[in-house]
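Residue numbering for the sequence shown follows the numbering used here, beginning at 1 and increasing consecutively.
Please note: incorrect hints may appear among the correct ones.
Said to hold, decoys possible - No farther apart than 27 Å at their CA atoms in a straight line, the calculated lysine-lysine pairs in the DSS-like style are these:
id	residue 1	residue 2
1	Lys859	Lys803
2	Lys582	Lys683
3	Lys696	Lys732
4	Lys683	Lys732
5	Lys225	Lys204
6	Lys269	Lys196
7	Lys204	Lys191
8	Lys283	Lys190
9	Lys385	Lys190
10	Lys196	Lys574
11	Lys334	Lys283
12	Lys224	Lys165
13	Lys71	Lys95
14	Lys859	Lys783
15	Lys783	Lys679
16	Lys421	Lys385
17	Lys95	Lys107
18	Lys196	Lys283
19	Lys385	Lys346
20	Lys302	Lys224
21	Lys385	Lys224
22	Lys803	Lys875
23	Lys269	Lys208
24	Lys190	Lys86
What the hints assert, rightly or not - Quick list of simulated restraints, FRET-style, between CB atoms:
id	residue 1	residue 2	range
25	Arg548	Ser677	39 to 49 Å
26	Asp65	Thr675	45 to 55 Å
27	Leu34	Asp65	37 to 47 Å
28	Thr114	Thr44	30 to 40 Å
If you are wondering where the hints come from, they were derived from the structure by calculation, not from laboratory data. All residues carry an ideal CB built from backbone N, CA and C; glycine is no exception.
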Amino acid sequence: MKNKNPINSSQESAESVETANIRQSRRISPFWLLPLIALFIGATLFFQIIREQGSTIHITFATGDGLVADKTQIRYQGLQIGIVKKVSFTDDLKKVEVEANIYPEAKTVLRETTRFWLVQPNASLAGISGLDTLISGNYITLQPGEGDYEDNFIAETEGPVAQIKDGDLLIRLISEDLGSISTGASVYYKKMPVGKVMNYRFTKDQKKVEIDVVIEKSYANLVKKDSRFWNISGIKADIGMSGIHVDMDSLNAIVQGAMTFDSPENSQKAEQNENYTLYPNIKSAQRGVEVNVTLPNMTGLKPGQTEVFYQQIPVGILSELTQTEVAHKNISGKLLLNPSSEDLLKTNTTFVLRRSKVNLGNLSDLSTAFRGEYIELIPGDGEPKNQFNIIKENELLLQQADTLTLTLTAPETYGIAEGQKLYYNNIDIGEIIAQDIHTDGVKFNVAVAGQYRHLIHADTQFIAASNLDVSLGVDGVKVEAASPDKWLQGGIRVVNNNNQGKPLASYPLYQNQSNAEAGITTNVLTPTLTLTTTNLPSINKGSLVLYRQYEVGKILDIRPTKSHFEIDLYIYPKHRNLLTDKSLFWVESAAQIDITPKGISIQASPIARSLKGAISFDNSGSGNNRTLYANELRAKSAGQVITLTANDASNLSKGMALRYMGLNVGEIESLALDTKSQKVIAKAFMNPQYMGIVAKSGSNFRVIAPRISAGGIENLDSLLAPYIDIDAGTGKYQTQFQLIDQNSPQNAKLNSGFPIILEANDASNLSIGAPVMYRGVDVGKIKDMELNGLGDRVLIHVLIANKHAYLVRQNTQFWVSSGYTAGLGWNGIEVNTGSVQQLMKGGIAFSTPSGTIVQPQAKANQRFLLQVRRPDESKQWNSGVITQ
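Generate coordinates for the entire structure from the input sequences, incorporating the hints supplied.
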């Protein structure tokens with residue numbers, strides 16, 4: 001057998017296998033996915049930007065005060081929902097249009113009846129609103145409405161006093177009169193505010209008042225169908241045999257008005273828009289918590305008059321008295337208490353019957369001196385109780401536990417000594433235990449009774465009650481002290497602010513209430529703003545800062561520099577909202593003197609202001625001006641200047657008044673000599689409101705000073721203070737004028753009329769200003785006298801009043817009328833006298849000869865001969881002259 005070769009066998013096997021064909025498949029490259037991804041991301045970002053862009057709306061406001069583009073926010077429920085993007089005028093320039101962007105999540109509030117208004121800080125007796133705008137600035141808020149989507153709105157001039165939210169209860173109270181209730185007044189339940197007065201109006205028959213009240217949602221369930229409302233506003237006083245009864249609630253209720261109500265348990269809840277009667281007081285409401293009492297049989301107890309007090313506040317009244325079997329010891333009765341006092345009726349509550357006491361040896365309790373008999377409620381703990389025994393005042397044993405010890409520090413004693421009391425609302429709550437004097441001041445150790453330790457908080461203030469401070473204030477004498485009994489007893493008053501924080505170990509002792517309010521112990525006041533002035537006026541450190549004559553601050557410091565003075569002002573924080581960029585400051589004059597023909601009027605400032613000076617300001621400026629002006633006129637007339645040119649400075653002075661129609665419209669600021677023209681240049685500040693009237697071509701400025709002559713005294717109103725009188729012209733605007741001199745003929749009172757010229761040999765017995773008479777009636781004046789060109793005659797220029805010009809005819813004759821004539825004849829001596837003015841200054845008379853033909857009226861500046869004596873035949877010239 002023959003074996004095969006293995007090599008050949010493997011080759012044959014390889015030849016039997018087919019050769020493989022490699023083919024590459026076609027597919028899309030991953031590179032093309034990148035543009036698709038980019039397109040998807042871009043589209044996503046685009047739609048996100050569109051979605052977050054918000055809505056553009058337009059709001060029309062009456063004015064643009066407080067509106068700033070890209071700054072003024074639009075808020076709703078305290079959150080920002082948009083911002084103002086553009087502020088511009090409307091087409092008629094009468095209003096302001098705001099373009100704003102509203103965020104997408106707030107688009108749903110943009111409805112047809114949505115209301116917008118601007119929120120700004122506002123201060124009034126009722127309180128301060130919009131305080132958040134002092135930090136964040138003014139903002140726009142809204143009240144959502146209903147209807148379709150809207151993007152154009154007209155803003156309200158002011159927001160609603162109260163906004164009715166979902167769940168709030170709106171009710172209406174009917175009252176005989178409004179009383180002390182005002183819009184925004186609070187509605188209390190158990191002395192807790194639960195609602196507001198929204199609006200008020202007359203009823204349809206106009207016989208009563210209808211008051212809209214909104215009760216907050218969380219307290220709406222307290223108002224029942226049988227609830228009764230009564231007024232707790234203001235201060236009510238009743239004087240009777242049992243004493244003087246004074247009824248007052250909180251300070252807010254006194255200032256703004258307030259009301260309260262009860263909530264009967266077995267009554268259904270009130271519904272929207274229900275009507276209730278508002279009673280004037282709790283007595284007339286006949287509603288309260290009834291308490292059964294047994295009390296000592298004392299004279300002076302009267303149902304309906306004897307009151308119940310809690311912490312010096314009236315909380316009820318003795319409503320009923322019934323004699324018991326043992327009438328000589330005790331009697332039973334009923335008290336009617338304010339529902340807000342119901343929580344005080346506990347097992348350990350005590351009622352004490354007190355009687356006011358007044359004697360010269362003990363002047364304590366002056367605040368209760370005229371109450372007569374009254375009942376004091378001293379609250380206790382335990383279970384609710386409705387039956388009490390009222391004890392006498394001398395049966396009350398004060399048991400105090402858990403005493404609180406404090407340390408008070410002061411730079412001096414302020415008249416405080418050991419053993420004196422601590423008072424809270426004139427109630428004795430503690431005592432001064434010890435007094436230590438150190439080099440750096442005085443320390444007092446005081447103890448507060450345990451039952452009153454809850455009155456002490458971290459922000460409690462302690463004020464000396466034995467100190468009597470008398471000072472001169474803006475309104476005169478200011479007396480700051482505690483009640484009169486504390487002047488003799490001494491002690492420390494305890495005042496609470498916000499009742500915040502736990503008691504501290506040490507407190508400062510303040511000298512008086514003013515220092516306590518300002519926190520003045522070692523505090524250093526920092527300036528609110530600084531004013532500059534070239535010359536230091538009559539002010540000092542401590543001088544007052546006034547706003548419309550009301551004290552709002554004081555001067556902290558005055559510093560001189562090389563070119564001016566710097567004056568630091570401190571404005572009280574509660575009045576800083578009065579400062580604006582338009583504030584103008586000037587020195588308040590100590591007295592204003594007004595001299596008129598009727599007399600001298602002097603308006604003097606209070607003594608302190610006159611002695612220390614004062615600065616006033618208002619917001620009538622036009623820019624951020626921090627210059628202190630010498631007076632109000634200079635502050636308000638900056639840039640309003642008139643230049644007067646005079647021959648000399650006689651009768652002129654700095655501060656001289658300029659008058660127009662009897663009103664002071666300006667004053668001379670400066671006097672200077674123009675060396676080129678040898679004239680005096682006077683610069684005068686003008687009141688801006690009169691500048692446009694007097695600064696016109698044709699206006700005349702005349703110096704008015706007293707003239708004393710044989711004929712009398714002229715210009716008596718300028719006897720103490722000469723002034724410049726203005727006759728307004730009608731020409732174009734002009735600020736430079738020639739000042740008419742006192743002795744110039746143009747300065748005569750009668751400077752207009754019908755002119756004629758009289759020729760005479762001399763001017764004896766005549767003077768400028770002498771009267772021209774017709775039949776004894778003054779119809780003109782001598783304006784001027786001069787020699788003619790040859791010097792052989794005197795030309796007398798006369799002005800006849802326009803209404804009498806027709807009396808002068810072509811043939812009229814004039815003669816000298818010196819005031820008296822005398823004649824001697826067969827019938828005796830005949831003496832005729834004229835007026836005193838004619839006797840002193842001389843005068844001229846005239847008449848027209850009688851005739852059948854009336855001569856034409858004389859022409860202006862026509863010349864006539866002035867005769868020395870009256871023509872003899874003039875006595876028969878009795879014919880009248882035809883008027884024009």
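Right, here's what the structure says about each hint:
no.	hint	in the structure
1	Lys859 x Lys803	15 Å, holds
2	Lys582 x Lys683	26 Å, holds
3	Lys696 x Lys732	5 Å, holds
4	Lys683 x Lys732	20 Å, holds
5	Lys225 x Lys204	23 Å, holds
6	Lys269 x Lys196	19 Å, holds
7	Lys204 x Lys191	33 Å, violated
8	Lys283 x Lys190	17 Å, holds
9	Lys385 x Lys190	18 Å, holds
10	Lys196 x Lys574	24 Å, holds
11	Lys334 x Lys283	14 Å, holds
12	Lys224 x Lys165	20 Å, holds
13	Lys71 x Lys95	20 Å, holds
14	Lys859 x Lys783	18 Å, holds
15	Lys783 x Lys679	25 Å, holds
16	Lys421 x Lys385	33 Å, violated
17	Lys95 x Lys107	25 Å, holds
18	Lys196 x Lys283	23 Å, holds
19	Lys385 x Lys346	5 Å, holds
20	Lys302 x Lys224	33 Å, violated
21	Lys385 x Lys224	24 Å, holds
22	Lys803 x Lys875	24 Å, holds
23	Lys269 x Lys208	26 Å, holds
24	Lys190 x Lys86	49 Å, violated
25	Arg548 x Ser677: 39 to 49 Å	45 Å, holds
26	Asp65 x Thr675: 45 to 55 Å	51 Å, holds
27	Leu34 x Asp65: 37 to 47 Å	56 Å, violated
28	Thr114 x Thr44: 30 to 40 Å	33 Å, holds
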